[in-house]
Amino acid sequence: MGTVWKVFHYQFRDLIRGRALAGYTLFFGAATWGLLHLGGGPVRALPSLATLVILVVPLVSILVTTTFAYGSEEFTELLLSHPVGRGRLFAGLYLALTVPLAGAFLLGLGIPFLAGGGAAGGLGGMVALGVAGALLTAVFASLGFLIAVSVHDMARGAGLALLVWLALAVLYDGVVLVVAHQAAAYPLERIMLALMLLNPVDVGRVLSLMALDVSAMLGYTGAVFRDFFGGATGVVIALASLVAWAVVPAWLALHRFRHKDF
Amino acid sequence: MTVSADPATLEVRGLCKRFDSRQVLDTVDLDFQPGCITALLGPNGAGKTTLLKCVLGLVRPDEGTIRLGAQEVNGQGAYREEIGYMPQLPRLPGNLTGWEMASMLDDLRTFTGTPDEDLIDSLEVREEMDKPFRLLSGGTRQKVNAALAFRYGAPVMILDEPTAGLDPLAAMTLKEKVRAERERGRTILVTSHNLGELESLADQVVFLLEGRVRFAGTLDSLWADTSQTTLEGAIAELMRRNGRREAGAESRTGTVEGTPSMEVA
Chain A
0 MGTVWKVFHY QFRDLIRGRA LAGYTLFFGA ATWGLLHLGG GPVRALPSLA
50 TLVILVVPLV SILVTTTFAY GSEEFTELLL SHPVGRGRLF AGLYLALTVP
100 LAGAFLLGLG IPFLAGGGAA GGLGGMVALG VAGALLTAVF ASLGFLIAVS
150 VHDMARGAGL ALLVWLALAV LYDGVVLVVA HQAAAYPLER IMLALMLLNP
200 VDVGRVLSLM ALDVSAMLGY TGAVFRDFFG GATGVVIALA SLVAWAVVPA
250 WLALHRFRHK DF
Chain R
0 MTVSADPATL EVRGLCKRFD SRQVLDTVDL DFQPGCITAL LGPNGAGKTT
50 LLKCVLGLVR PDEGTIRLGA QEVNGQGAYR EEIGYMPQLP RLPGNLTGWE
100 MASMLDDLRT FTGTPDEDLI DSLEVREEMD KPFRLLSGGT RQKVNAALAF
150 RYGAPVMILD EPTAGLDPLA AMTLKEKVRA ERERGRTILV TSHNLGELES
200 LADQVVFLLE GRVRFAGTLD SLWADTSQTT LEGAIAELMR RNGRREAGAE
250 SRTGTVEGTP SMEVA
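Chains A and R, in that order, are what the protein sequence lines are.
Numbering-wise, numbering that gives the first Met the number 0 puts 113 at position 114 of the first sequence, and it's gapless, one number per residue.
Numbering-wise, numbering that gives the first Met the number 0 puts 182 at position 183 of the second sequence, and it's gapless, one number per residue.
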């Protein structure tokens, strides 16, 4: 644990001093403040805010992580020339990126909400959105690291990161809808459910909106999911799915990092 | 001044490494002795970097062994306590200062001795160590890089293009430091574009071509073997002998960077 903490400590310090992270907080701060104050209260603002979070958090997380991982390759080599275990170094780097990213997002979301009195009706939805956003940060950071350790060339890696985001955040639901439409005559609920659990962005969307009564926002798969599971079970399954989506790619990335030739 | 560490011989035996279909290292056998500066030479793709990375544990060899004193270089990282590595112009975290980097490395090594800060003074970077890396010029970064590499008085020093980006005065200061470390019984490996510099520094020369050791011995034995009196001439002769006339004819001396045809590093 010692090494993980040391790597985290200094990398965190480096990252927190950069302006990019503050910009990320400001972005969500301005969006949250704007939607809460101009959009007519939390209950109406939350769905719009959720849509924004579900699109932006994965994009920023995966791009920042891949760029960081490629950019710090030489530094990683330098650290590995010291008596440092690869696994611990990887864990330190992963946490040093994920924790500040999730923290910056949560601050941007939380400060305007709490400063605005945290209107009673919106608290549950806000917490759900915060949890979903933080978990999506971890999921896409894991995917970003996995891409960076798997693809040698930085340009191809960054391109692949964009493609993964586009596929999961934008194209996936469209494809599912087309499939559902084509096969409307068959009972597809279970298949839809499986399809949704395969996409972390969908899971994040359901999780953040389940606290609200806005089924229309859930998308096709989300609506099915909500009917199927209802309240608490659904939340637990959604959380478990997101955690799995964060852990499995991170574990694969760790495995590759350990056996990689630099 | 520095932590005294026992001298260590670095032994490379039967080292092989393939990347895809290319044999980057082919049965490399080498000994690097304490108190000896070895220059590692060879054109681009000869396997120098891969060899260094194998020693550092950054690349896992397909076959062969590397021993450092009594320790075998394997998956474990502990042996790297014995190694000081100066990478070639590395990009370090831009918002950290030199002192922060130093304390990070101290922490990671759980280093409790007295660090060797000779170079911080002789290269005059004590004030620069307080500034974040992104504000430092390339030359100053390289000075800090050098100071960090020599900080732990490691028995084995690996210097990859140590004088790249340094002004002549700083390069001389660094070379004096390398010689002083040799007197302390360090095992030193150097790569450089600058053949003249290596000629004045090295006791031993290792010449790699297409992953194989084509020459390993003292400078004197290199002169005798090739009937040449300069490193440039000797390298050209070795390349000619091994059927790489065109690349050898383009070699130059005296350049720090930017001779892509003959990268001696």
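Just so you know, the hints here were simulated from the structure itself, not pulled from any lab data.
Only a predicted model underlies this, so the values are computations on that prediction, with no experimental measurement involved.
We put the beta carbon where it would ideally sit given N, CA and C, even for glycine.
Treat each hint with caution, since some may be false.
[What the hints assert, rightly or not] Which bits of chain A does chain R cover? Going by a derived footprint, with three or more residues having C-beta under 8 Å, they are:
id: 1; segment: 12-26
id: 2; segment: 102-108
id: 3; segment: 190-201
[What the hints assert, rightly or not] The following label-pair restraints were derived from C-beta to C-beta distances:
id: 4; chain 1: R; residue 1: Asp202; chain 2: A; residue 2: Leu162; range: 51 to 57 Å
id: 5; chain 1: R; residue 1: Asn43; chain 2: A; residue 2: Val235; range: 21 to 27 Å
id: 6; chain 1: A; residue 1: Leu251; chain 2: R; residue 2: Thr64; range: 26 to 32 Å
id: 7; chain 1: A; residue 1: Arg257; chain 2: R; residue 2: Arg211; range: 25 to 31 Å
id: 8; chain 1: R; residue 1: Leu134; chain 2: A; residue 2: Glu188; range: 28 to 34 Å
Now the hints, each set against the structure:
1. 12-26: holds (count 5)
2. 102-108: violated (count 0)
3. 190-201: Coverage by chain R is violated for the segment 190-201 of chain A (0 residues, Cβ < 8 Å).
4. R:Asp202 / A:Leu162: 51 to 57 Å: Check passed, 53 Å falls within 51 to 57 Å.
5. R:Asn43 / A:Val235: 21 to 27 Å: For R:Asn43 and A:Val235 the Cβ distance comes to about 57 Å; the hint is violated.
6. A:Leu251 / R:Thr64: 26 to 32 Å: 30 Å, holds
7. A:Arg257 / R:Arg211: 25 to 31 Å: 30 Å, holds
8. R:Leu134 / A:Glu188: 28 to 34 Å: 59 Å, violated
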